[in-house]
Amino acid sequence: MSGVSLDRRQVLFAGAAAGGGLWLGMGPALALNTPGEPVGLNAWVSIGRDGMVTIFSQNPEIGQGIKTSLPMLVAEELDMPWDKVVVKQAALAAVYGRQVAGGSMATTWLYEPMRKVGAGARLMLMGAAAARWNVPLASLSTKDGKVWDKTGRSLGYGELVDEAAALPAPDAAKISLKAPEDFTLVGTFVPGVDNEAVVTGTPLFGIDADVPGMKVAVFQKCPTFGGKVSKVELAAVKAMPGVRAAFVVAGNGDDYELASGVAIVADTYWHANRAREALQVDWDLGAAASQSSAGFAREAARLGKTRGDKLIWQDGDVDKALAGASKTIKASYHYPFLAHSPMETLSCTAEVVNGKVELWAPTQTPDAGRLLVAKLMNVPPEDVTVHILRCGGGFGRRLYNEFMIEAAWIAREAGMPVKLVWSREDDIGRSVLRAAGWHHLEAGLDKDGKMIAWRNHFVSFGDGKEFSKAAGIDEKQFPARFVPNFRTEASMMPLAAPTGYYRAPSSNGFGFVMQGFIDEAAAAAGQDPLAYRQALLGDRQVFGSVKTYDIFDAGRALDVLNKAAKMADYGRKLPRGEGLGIAFHYSHFGYFATALEASVAADGAITVKKIWVAGDIGRQIVNMAAAINQVQGSVVDALGGALGLEITLVNGAIEQRNFDTYPLIRMPEAPPVEVAFVLSDNQPTGLGEPAYPAVPAALASAVFAATGVRLRSLPIDQKALVKKSWRA
Amino acid sequence: MATTININGKALALEAEAEMPLLWALRDVLGLVGTKFGCGAGLCGACTVHVDGVAVRSCQTSVGDVGASKITTIEGLSASDMGRRLQAAWIALDVPQCGYCQPGQLMSAAALLARTPKPEDADIEAAMAGNICRCGTYNRIRAAIKQASGVSA
Chain A
0 MSGVSLDRRQ VLFAGAAAGG GLWLGMGPAL ALNTPGEPVG LNAWVSIGRD
50 GMVTIFSQNP EIGQGIKTSL PMLVAEELDM PWDKVVVKQA ALAAVYGRQV
100 AGGSMATTWL YEPMRKVGAG ARLMLMGAAA ARWNVPLASL STKDGKVWDK
150 TGRSLGYGEL VDEAAALPAP DAAKISLKAP EDFTLVGTFV PGVDNEAVVT
200 GTPLFGIDAD VPGMKVAVFQ KCPTFGGKVS KVELAAVKAM PGVRAAFVVA
250 GNGDDYELAS GVAIVADTYW HANRAREALQ VDWDLGAAAS QSSAGFAREA
300 ARLGKTRGDK LIWQDGDVDK ALAGASKTIK ASYHYPFLAH SPMETLSCTA
350 EVVNGKVELW APTQTPDAGR LLVAKLMNVP PEDVTVHILR CGGGFGRRLY
400 NEFMIEAAWI AREAGMPVKL VWSREDDIGR SVLRAAGWHH LEAGLDKDGK
450 MIAWRNHFVS FGDGKEFSKA AGIDEKQFPA RFVPNFRTEA SMMPLAAPTG
500 YYRAPSSNGF GFVMQGFIDE AAAAAGQDPL AYRQALLGDR QVFGSVKTYD
550 IFDAGRALDV LNKAAKMADY GRKLPRGEGL GIAFHYSHFG YFATALEASV
600 AADGAITVKK IWVAGDIGRQ IVNMAAAINQ VQGSVVDALG GALGLEITLV
650 NGAIEQRNFD TYPLIRMPEA PPVEVAFVLS DNQPTGLGEP AYPAVPAALA
700 SAVFAATGVR LRSLPIDQKA LVKKSWRA
Chain B
0 MATTININGK ALALEAEAEM PLLWALRDVL GLVGTKFGCG AGLCGACTVH
50 VDGVAVRSCQ TSVGDVGASK ITTIEGLSAS DMGRRLQAAW IALDVPQCGY
100 CQPGQLMSAA ALLARTPKPE DADIEAAMAG NICRCGTYNR IRAAIKQASG
150 VSA
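Protein chains in written order, with numbering that gives the first Met the number 0: chain A, 0 to 727; chain B, 0 to 152.
Be a bit skeptical, because a hint or two may be false.
Unchecked claim - Computed footprint of chain A on chain B, listed as stretches where at least three residues anywhere in the stretch have a Cβ under 8 Å from a Cβ of chain A:
(1) 24-37
(2) 45-56
(3) 113-127
Unchecked claim - From the structure, some residues in chain B lie toward chain A, with a derived Cβ separation under 7 Å:
(4) W89
(5) I90
(6) D93
(7) R133
(8) C134
(9) Y137
Treat the hints as calculated values from the structure; they're not laboratory data. In this text, all values refer to a predicted model and were calculated from it rather than measured experimentally. Even glycine gets a Cβ: it sits at the ideal position worked out from N, Cα and C.
Given the sequences, and given the hints that come with them, work out the whole structure.
Structural data, given as C-alpha cells:
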C-alpha cells in the first residue's frame with residue numbers, strides 16, 4: 000500500500016528475481032504449448048487456430064473490474080475485436096510478478112506493460128505474416144484480428160499463430176505503442192467479462208468452489224483477540240447429525256495467522272453451524288479482555304490535553320505562530336473502528352494430499368497466502384498450490400489470509416477436503432479493523448483569515464514506537480506544505496485487536512478530519528468554504544514527487560475542486576435546513592473532490608439528495624464502465640460509513656455481529672452520484688480507493704451549511720442535529 | 000429425510016432434514032450455488048429466491064416450509080421474458096462490481112416487476128431495501144430495473 004515505486008524497471012526486476020517477470024513472460028512460449036490446443040504467444044495471450052483469442056488476467060478480481068480492464072489493454076494493442084476475446088483468470092505464477100488486488104496499484108503499474116504484452120504478440124503475428132508473404136514487416140498492418148499487407152491481402156491471427164509462436168519475443172524496450180487517440184476499445188464503456196455468469200448464478204466465487212469428497216467446515220474462535228481455548232467438550236458435538244470431525248486447533252497465537260479455536264467439519268454448512276451452536280467452550284480471554292472502546296476514548300481525550308510523544312513532521316514554528324495569530328481555533332475529531340464486511344464472507348477450500356496443499360481461495364494476496372500456509376504447515380512453498388477465485392468484495396479484508404491457513408490446517412487435521420465458510424458473525428466479530436483515530440487540532444489565522452499555523456496531535460494505536468498496521472500518519476498529509484508553520488505529532492495506545500488496510504487506508508479517516516477542520520477555518524475567517532480551499536491551494540505548485548511517494552499537485556486538486564463545484568452549481572442559495580458541502584482529498588495518486596447536497600429534518604434526520612464527484616487519475620480512463628462504478632461505489636461506501644457504521648470493543652470483544660448492529664447502507668439512503676473525470680497529462684492510476692475520503696467531509700460541510708452544527712465525530716449522531724440545536 | 004422439491008420447473012429428489020434452511024439445501028445438497036449466503040439472518044437479501052412467485056429469504060425458509068411450492072432460483076430466472084430483460088439490463092449497464100449480492104438483487108427485482116410492471120422510484124426502494132450491496136451499486140440497480148421495465152430513468 001505504500002513504499003512502492005512507480006519505476007517500472009523495479010517491477011521488472013522484482014518479477015525476474017522471482018523467476019519470471021514481464022519480459023520472461025513475453026519470451027518464447029512454444030515449449031509450454033500443447034499440440035491441438037490454443038497457442039500461447041506469451042503468458043497472457045493465447046490464440047486458437049479459429050482466431051479466438053484468450054487473454055489471461057493476472058490479478059484477483061474483487062469487484063474493481065481488473066479482470067476486464069487489464070485484458071482490454073492487451074486487446075487494444077493486439078487490434079483484436081473484444082467480442083472475439085475470451086478472458087480467463089491467470090494462475091498464480093512467478094511469471095506474472097505481483098498478483099495482488101490492493102493499493103489501487105494495478106493500473107499504475109500495468110497500464111503500459113499490459114499494452115506491451117498485446118503489442119508484442121501483435122508483432123510476432125506480423126512477423127509470421129511477413130515471413131509467409133516474404134515482405135518487410137514495416138509494410139504490414141493489423142485490424143480486426145488479422146494482419147494485412149498493402150495489396151489488401153490478409154491472414155487471420157489463427158492462421159499465423161503456429162509460426163508466430165516459433166519466433167523470438169520482441170525486445171520489449173523497442174515495442175512501440177498506439178497513440179491514445181487511436182484507441183478504439185480503451186476508454187469505452189465495457190461491461191464486466193463475468194457479468195453473464197453473475198446474473199445467471201453460474202458458480203464463480205470462492206464460496207462456490209466444489210472438490211470431490213469435500214465437506215464443510217466452520218471454525219469457532221475466541222470472542223477476544225489473542226484468547227484461546229481453555230476447555231471444550233466435543234463428544235456431544237461429534238454425535239450431532241452430519242458432523243464428520245470436531246477438534247481444537249491450538250493456533251500460533253497470531254490473530255493475523257492462525258488463532259486458537261474449535262473446528263467442526265460436517266456434511267453441509269448448516270450441519271456444521273448447528274453443531275457449533277451447541278458447542279460449550281471455556282475460553283482463556285487473555286490480556287485483550289481489559290480493552291474497550293470507552294476506555295480508548297477516555298485515554299484519547301486525556302492525551303489530547305498533552306503533547307504527542309512522537310514527532311511526525313514539522314515546518315516553521317507552530318507555537319510562535321499560534322501565539323502571534325489574529326485568531327485561533329481548536330477542535331477534536333474522531334472516527335471509529337470499522338469492519339470491511341465484504342458481502343461474501345471469508346471462505347477457502349483446501350485439500351491436502353501426500354503433504355501437498357491445494358487451495359481454492361478468494362484472496363487479494365494469493366502469493367502471501369501461499370507463503371503463510373507453507374510456513375505454518377511446515378511444507379515447502381512449491382508444495383502449496385493456490386487457485387485464484389473471484390472475491391465477493393474485498394475492501395482490504397482479503398489482504399489478510401487467516402481463512403486460507405485455517406482451511407488448510409482443518410483439511411489436514413480432518414483428513415478430507417474441506418470448504419471453510421465464515422459466518423457473518425465470524426466476519427464482523429473477527430475483523431481486521433480499520434483503526435479508529437483521534438485528532439486534536441489547532442490552527443492559527445492571520446488578520447486576513449489565511450492559515451498560518453496548524454497543529455495536529457494524532458492519537459492512534461501502537462506500541463509507542465511503531466503504529467499498529469495501517470494506523471499511522473504520513474508526514475506530508477495535506478495541508479502539510481501549504482501552511483508555513485505546521486506540526487503533526489502522535490501518541491499511541493496499545494491495542495490487542497488486529498488492524499489493517501481498509502479501502503483508502505488512513506485517508507478514509509484523514510479526509511474527514513483535515514477537510515473538516517479546513518471548513519472550520521473558513522468559517523472562522525468568515526470566508527466561503529470553496530473560496531477558502533482555492534486560496535489555500537494557491538497557485539498550482541507541485542510539491543514532492545511520484546518517485547518519493549510524497550507528491551501533491553495543487554493544480555490537479557484545484558481543477559477537480561472547481562469541476563465538482565461547477566457540476567453542483569455551487570453557490571446557489573438553499574433554504575435553512577438544506578446545505579451544499581464541498582471537500583477534496585488526494586490519495587493513491589488520485590485527486591478527488593466531492594460536492595454534496597443534504598437536508599436535515601427537524602428531528603435531525605439527514606437526507607443526502609445528490610453527490611457530484613470530479614476525479615483526476617491521469618490522462619486515460621481504461622474502462623469507463625468500471626471507472627464510474629468504482630467512484631459511485633466508493634462514494635456510497637463512504638457515505639454509508641459516515642451515516643451509520645461503527646465497531647466497538649467491550650472487554651476485548653467486538654460488540655457487533657451482523658447487519659442489524661452493523662447497518663450497511665441500503666438503496667433508500669443512497670443518493671444519485673454524478674461522476675466526471677478531469678483528464679490531466681499524468682500517468683493513469685488506480686481508482687478503487689481515492690474517491691472515498693472526501694465524502695464524509697463533504698457531508699459534514701453540507702450539514703454545517705444547513706444547520707450551523709459542526710460534525711466532528713463519525714458516525715454522525717443524527718439525534719444531535721435536532722432543530723433546537725441548530726445555530727445561526 | 001428423502002423428499003421431492005420443485006425447483007425451476009423440475010421435481011428434484013432432496014435428501015435433507017425438514018428444518019434445513021432452503022439456502023443450504025440448494026447450495027450444499029443440490030449444488031445450486033447461484034443463491035448466495037450473506038448473513039444467515041434474513042438481513043441482507045443475498046439468498047433471495049421465489050416461493051410461488053414471492054421473494055423470500057432462503058436462509059430463513061426451511062425445506063419443510065416449502066413443501067410442494069414452486070421455487071425459482073437465480074438459475075431459473077432466464078425462463079421468463081422479464082427475467083431475461085432484467086439480466087440483459089444488468090449486463091448492459093454493468094451493474095455488478097463484485098457481483099456477489101446481484102443474484103439476490105435480481106430475484107427481488109423480478110418479484111417487484113411481477114406485481115408492479117412499471118415501478119415508481121418509491122416502489123423500487125421499498126422492494127429493494129432488504130437487499131444490501133456492499134459495493135454500493137444502487138444507482139445502477141435502480142437504472143437497470145427501470146430499463147428492464149421500460150420506465151424512463
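Against the structure, the hints come out as follows:
Interface restraint, the segment 24-37 of chain B with chain A: holds (11 residues with C-beta to C-beta distance below 8 Å; minimum three). Look at the segment 45-56 of chain B against chain A: 1 of its residues bring a Cβ nearer than 8 Å to a Cβ of that chain, fewer than three, so the hint is violated. Using a Cβ-Cβ cut-off of 8 Å, 3 residues of the segment 113-127 of chain B lie near chain A, which meets the minimum of three, so the contact claim holds. Hint on W89 of chain B holds. Least Cβ distance to chain A is approximately 5 Å, under the 7 Å limit.
Annotation: I90 of chain B was flagged as interfacial toward chain A, and the flag holds, the nearest CB pair being 4 Å apart, inside 7 Å. The restraint placing D93 of chain B at the interface with chain A holds, with a minimum CB-CB distance near 4 Å, inside the 7 Å limit. Hint status for R133 of chain B relative to chain A: holds, with the closest Cβ pair at about 4 Å, below 7 Å. The restraint placing C134 of chain B at the interface with chain A holds, with a minimum CB-CB distance near 5 Å, inside the 7 Å limit.
The interface hint given for Y137 of chain B holds, since its Cβ lies 4 Å from the closest Cβ of chain A, which is under the 7 Å cut-off.
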